[in-house]
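Two chains, two frames, some hints: make the complex.
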Amino acid sequence: MPMMSSRLCLALLLALGVAAHAAAKDFLPVIVYDFGGKFDRSFNQSASEGAQKFKADTGVAYREFEITNAAQREQFMAQAAKRGATIIVAIGFTQASAVEKVARQFPEVKFTIVDAVVDLPNVQSINFREQESSFLCGMAAALASKTGKIGFVGGMDIPLIRKFALGYVEGAKYVNPQVEVFENMTGTTPAAWGDPTKGAELAKSQFGRGADVVFHAAGATGIGVMQAAADAGLLSIGCDSNQDYLHPGSVLTSALKRVDVAVDKAFTDARNGTWKPGQLVLGLAENGVDYSFDEHNRTVLTPAMKQRLDQARADIVSGKIKVSEYKP
Amino acid sequence: MSTPAKLPRWAELFLLPAINLLVALLLAGVVIKVMGESPWAALKLMTGGAFGSQESIGYTLYYATNFIFTGLAVAVAYHAGLFNIGAEGQAYIGGLGVGLVCLWLGAWPFWLVLPLAILAGALFGAGWAFIPAWLQARRGSHIVITTIMFNFIAAAVMTWLLVNVLIKPGQQSPESREFAPNAFMPALHELLAKVGITFTSTPLNLAFVLALAAAVLVWLLVWRTRWGYAMRVAGLNPAAAVYAGIHPPRVTIWAMLLSGALAGSLGLNELMGSQHRILLDFPGGAGFVGIAVALMGRNHPLGIFLAAVLFGALTQGGSQLSFDMPRVNRDMVVVIQGLVILSCGALENIFRRPLAALLARFAGRKDEV
Numbered sequence: 001m002p003m004m005s006s007r008l009c010l011a012l013l014l015a016l017g018v019a020a021h022a023a024a025k026d027f028l029p030v031i032v033y034d035f036g037g038k039f040d041r042s043f044n045q046s047a048s049e050g051a052q053k054f055k056a057d058t059g060v061a062y063r064e065f066e067i068t069n070a071a072q073r074e075q076f077m078a079q080a081a082k083r084g085a086t087i088i089v090a091i092g093f094t095q096a097s098a099v100e101k102v103a104r105q106f107p108e109v110k111f112t113i114v115d116a117v118v119d120l121p122n123v124q125s126i127n128f129r130e131q132e133s134s135f136l137c138g139m140a141a142a143l144a145s146k147t148g149k150i151g152f153v154g155g156m157d158i159p160l161i162r163k164f165a166l167g168y169v170e171g172a173k174y175v176n177p178q179v180e181v182f183e184n185m186t187g188t189t190p191a192a193w194g195d196p197t198k199g200a201e202l203a204k205s206q207f208g209r210g211a212d213v214v215f216h217a218a219g220a221t222g223i224g225v226m227q228a229a230a231d232a233g234l235l236s237i238g239c240d241s242n243q244d245y246l247h248p249g250s251v252l253t254s255a256l257k258r259v260d261v262a263v264d265k266a267f268t269d270a271r272n273g274t275w276k277p278g279q280l281v282l283g284l285a286e287n288g289v290d291y292s293f294d295e296h297n298r299t300v301l302t303p304a305m306k307q308r309l310d311q312a313r314a315d316i317v318s319g320k321i322k323v324s325e326y327k328p
Numbered sequence: 001m002s003t004p005a006k007l008p009r010w011a012e013l014f015l016l017p018a019i020n021l022l023v024a025l026l027l028a029g030v031v032i033k034v035m036g037e038s039p040w041a042a043l044k045l046m047t048g049g050a051f052g053s054q055e056s057i058g059y060t061l062y063y064a065t066n067f068i069f070t071g072l073a074v075a076v077a078y079h080a081g082l083f084n085i086g087a088e089g090q091a092y093i094g095g096l097g098v099g100l101v102c103l104w105l106g107a108w109p110f111w112l113v114l115p116l117a118i119l120a121g122a123l124f125g126a127g128w129a130f131i132p133a134w135l136q137a138r139r140g141s142h143i144v145i146t147t148i149m150f151n152f153i154a155a156a157v158m159t160w161l162l163v164n165v166l167i168k169p170g171q172q173s174p175e176s177r178e179f180a181p182n183a184f185m186p187a188l189h190e191l192l193a194k195v196g197i198t199f200t201s202t203p204l205n206l207a208f209v210l211a212l213a214a215a216v217l218v219w220l221l222v223w224r225t226r227w228g229y230a231m232r233v234a235g236l237n238p239a240a241a242v243y244a245g246i247h248p249p250r251v252t253i254w255a256m257l258l259s260g261a262l263a264g265s266l267g268l269n270e271l272m273g274s275q276h277r278i279l280l281d282f283p284g285g286a287g288f289v290g291i292a293v294a295l296m297g298r299n300h301p302l303g304i305f306l307a308a309v310l311f312g313a314l315t316q317g318g319s320q321l322s323f324d325m326p327r328v329n330r331d332m333v334v335v336i337q338g339l340v341i342l343s344c345g346a347l348e349n350i351f352r353r354p355l356a357a358l359l360a361r362f363a364g365r366k367d368e369v
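If you read the sequences in order, they're chains A and B. Per the numbering used here, the first sequence starts with residue 1, numbered consecutively. Per the numbering used here, the second sequence starts with residue 1, numbered consecutively.
Extracted from the complex, chain B is given alone in its bound form (with noise of 0.2 angstroms):
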């Protein structure tokens, strides 16, 4: 058995994954072929309907916010070893944190609500990967199982809240009432239009500007500290990591506090950008979304962010496509999607070969000359 292929970075980082998204878009092409409609006209409407306008952007990039958190909150949990699958509950519990602080807090300026909003959605986020997390460190309970089992459980308990307690009095849909207008996360149109900008009105908002702040602080914090080396290690070898001194089962808990804390932040964009109310299942399945995209981003903040535009994008962009063009239904944009998955996730390394192989002869002939 020989090494895995070894690729010149700029290859590793840009070429393989546009090669495979190509695949993936040829592969969807055939399948739009089959249903009997144009795959040119189709990839120009998917491609118009995530980019083509300011208000296509700004639904392109408002999906990738929620893309953004849960792909870090992945990210972290596998730099430190573990497969966090529970993106989805931990985004869950933690929108119920920022929807109960903009509930009761509504009445107070802005300014004020927003860090408690952040603050309540990081917490409840990693309080409800912390149980995992214990599990996990103490007794072993496989964080994938376990977590996978706290989204159910998630479920259930909003459900129930959202039925039996929050509920708005005398309405069918279980869902709270309005916040007050205090506690909106300003969208980006009125940003913009205050410093003189017009743009759209879409739901991207502030939550997107805080998603990238929390891309560059797992950077700091992954890459530029004593914290983030240790998990790292601890990640990559723990019975190394425990010579060097560190203490893997406390990496493990803090990571997934981490880990939770920004799948949490996923109710600043959903809930206080965009619906402005807790509602059933307003996650929409962004936890698993972020798995995809962290591993397409390489657990990289800065492939994160590509990847979940990407996302953003095909959610987007298909949208549009069902919109436009009956035929495509949504299963159909469903279909893309696990193309777009399978070619740079699966079948990643089918390309990797070839191409390392087809590199290294340039290269060769280079050196030859």
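Pulled out of the complex, with its shape left as it was, chain A reads as follows (with noise of 0.2 angstroms):
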């Protein structure tokens, strides 16, 4: 009897022990991003990065899909879920609705969506608070700028943009309260994330009003954005990833989203085990977004501009300083 108790037990570990291998062979990530793309050089990009870290430091080989048209996206989150994915990770706001119904239908996969909101059990919801980077690179753009005129260029006019747009204006009337902003959209269709030609052109005509420093929060067509400053010989900001790189000596920081972070971390998680549901908001507190500052911008971003920030960036982790946000 002990005896059969013991092959029992033994049994039962060396099943479980399969089955726990099974497991972890398994564990198939899934992204998809959005309309952008993942070499958009801006936020798709990041959480591209963030995927490509997990598959270097893991060795998990994770799958990817760039949408075309609306519909795509539920397909292939519903497929990727057949086909045994564990972890899928939608990249933006516009995923919202697919991920509320393919995780109704597919309880068991874990989905995590940034950008947005899906209360579900099986769902974690990543925010950014874009509002506090974009305060500091107002500030960072009021301080720099000598005509005392920054611009801003979006990519559509949507809630998303506008959140940049209200954090950065704040951040710029902080320091210097008779700034004055030109704010210009790219477009009103998806296509506005992609036009590097029209983002140099609402560049330059911001600069023909006589601003010298300009923010984009507008994907793919801020990398026209910066271009255009560059060949002006003025300044520009980037976002979401770290452009200072991409013109060193005129890139004067870029507004940092930590997609990149959120997508690893949600992997991890999942992979080892402690992946939560719920919603996360990541701000300055949590390092979730933050101001770039590296051997790139060394020579534009002044030490006394650093200490500056660097102190509105404490108060506002703090709350001494309170940002507002915009609430569709």
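Derived from the structure by calculation, the hints contain no laboratory data. Given the structure is predicted, the values throughout are model-derived calculations rather than measurements. Keep in mind that the hints are not guaranteed to be accurate.
In silico BS3-like cross-links for lysine-lysine, where the CA-CA straight-line distance does not exceed 30 angstroms [claimed, not checked]: (1) A:Lys276 - A:Lys55; (2) A:Lys276 - B:Lys168; (3) A:Lys265 - A:Lys327; (4) A:Lys322 - B:Lys168; (5) A:Lys327 - B:Lys168; (6) A:Lys82 - B:Lys44; (7) B:Lys194 - A:Lys101; (8) B:Lys168 - A:Lys101; (9) B:Lys33 - A:Lys55; (10) A:Lys82 - B:Lys194.
Shown next, in the form of structure tokens:
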């Protein structure tokens, strides 16, 4: 009898071991990008970098998809879930309704959505307080501007971009209440996120009106904005990814949105079994957003400016400075 | 200059498009080979992805539904001698009409909501087409230019409405709240389940049947009525039409209204049938694909249906391809679709003459014997 039970135990252990092994082997992370595509040098690319980091760290391969029309979001997610995806990370607020539908259909699959809230027991929603990093970038722009006029080029006039713009203007006014801010949106279709030519034109028109620093929140369109600033010998501010390296000496700083950290963390947590559903809001305090400072912008972001920014950063974290959030 | 080579009707309608398609696939195969993937495996994945299972057939026909509506829209205008590039914008605004009915009257029974939604989609789409049509008929403003511009105006209007007016409060995404379930277009798998046939759940819905009905109606209207005859005459030769007592400006306006109404029906499939809310950019380029569909389908409803299914298959098969072959990304799929359009539209005449000569030779031999 004791013999029997120990054998049974062994069998059980073995079975459990096999099951655990199978689970580890079958761990399949999936990432679905938004319209911009994974090479937008900005938002989606940052997500892609997070997934790559996860692969480099763990050796676990992931599947990725770039959508071309609205119906594909749901189709890809459902297909990935059917083929045994463990966790599906959806990048961008436009995926919210698709995540909601598919997450209901596949309650055993984990979903993480970036930039939107989906309230389901198997969905993790990660949002960023973009207004906080935009505030610091607005401060940097106002500090660096000699004309007292600065520019903002957004992609589309949607709530997310208004959030960036609001923080930027507040930050600039915090430094210089008389500062004049020119705001332009690139377009009204998703093409607005991938139109560097138009981005450059908008930046040039703002320079023509006297602006000497321009901040973009326009995905791949921003590449044109930054090119125009470099050509004119003026300053630009990057967005989402660290874009300081694009034009060293012309990029004042970048508003970092650590989508890469969010993606990497979602994958890693899911693999380690520490992934939790619910809402996560990442701001300066959580290192989810920040401004960049590295060897590429050391010459333009002076120590005096950096000191002001770091002070404001600490004040925002402690709650001394309140940055308003755009509410749709 | 000799006249364009004449082909027998069967060769014109089936053989020539088949050859064009084959050439496009061969070219695409070369591109895929260069990228380091097997063209044969890619072709199998694409056809399997488009027609291999109930799910893939459902998605193919679901995409095809959009293309039927926009293809018919372009074709109707074409018969009146008008090149309507504004199907995208008309579909966008038409969808607004469909969506508003579904949002406001969602509590009503479905059989009341459906006709009202169809009517609203058609009215909004036609209304959006009316302004360029009027400008063309009365002021001579070229419809190609005005309809392109109206696409951008439509996008601007819709973005503004979705961001500021229709947005569901408290969310980031510029989209309306979900329609009430009464206003959902029944999915085809639900309808088939009622008669005892099981079909996988796909977004394919009743709008597909409505698109087919629209194709039949267009055929009747264009080829079997006086009105359609007048339209075709005005399209082929406005001067002769005037001589025949037809008033071309009036034809322009009516043809564009019908064209806009057809494009506006896209919302029935996309919003009422699948997304169940109004969202940004839901036409997703179907208005432009409609141009290719109409050209390839020789502006005939049957041809449009076949071409729409082909483009539906390319969309669905293409997304399956990028799903299973990570190296073939979404831009590759666009390249393949572009090759099909290039070979079926632009390069059509390359094969016409040799084919006609070949067929004539065979026919000649038969005569000698």
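Hints, one by one, checked against the model:
1. A:Lys276 - A:Lys55: OK: A:Lys276 and A:Lys55 at ~21 angstroms, within 30 angstroms.
2. A:Lys276 - B:Lys168: The hint holds at about 27 angstroms.
3. A:Lys265 - A:Lys327: Holds, at about 27 angstroms.
4. A:Lys322 - B:Lys168: 26 angstroms, holds
5. A:Lys327 - B:Lys168: 12 angstroms, holds
6. A:Lys82 - B:Lys44: 21 angstroms, holds
7. B:Lys194 - A:Lys101: Between B:Lys194 and A:Lys101 the Cα gap is close to 23 angstroms, so the pair holds against 30 angstroms.
8. B:Lys168 - A:Lys101: 17 angstroms, holds
9. B:Lys33 - A:Lys55: Holds - the C-alpha atoms of A:Lys55 and B:Lys33 are around 28 angstroms apart, at most 30 angstroms.
10. A:Lys82 - B:Lys194: Measuring from Cα to Cα gives roughly 26 angstroms; hence the hint holds.
Checked against the numbered hints listed earlier, the structure breaks none of them; every hint is satisfied.
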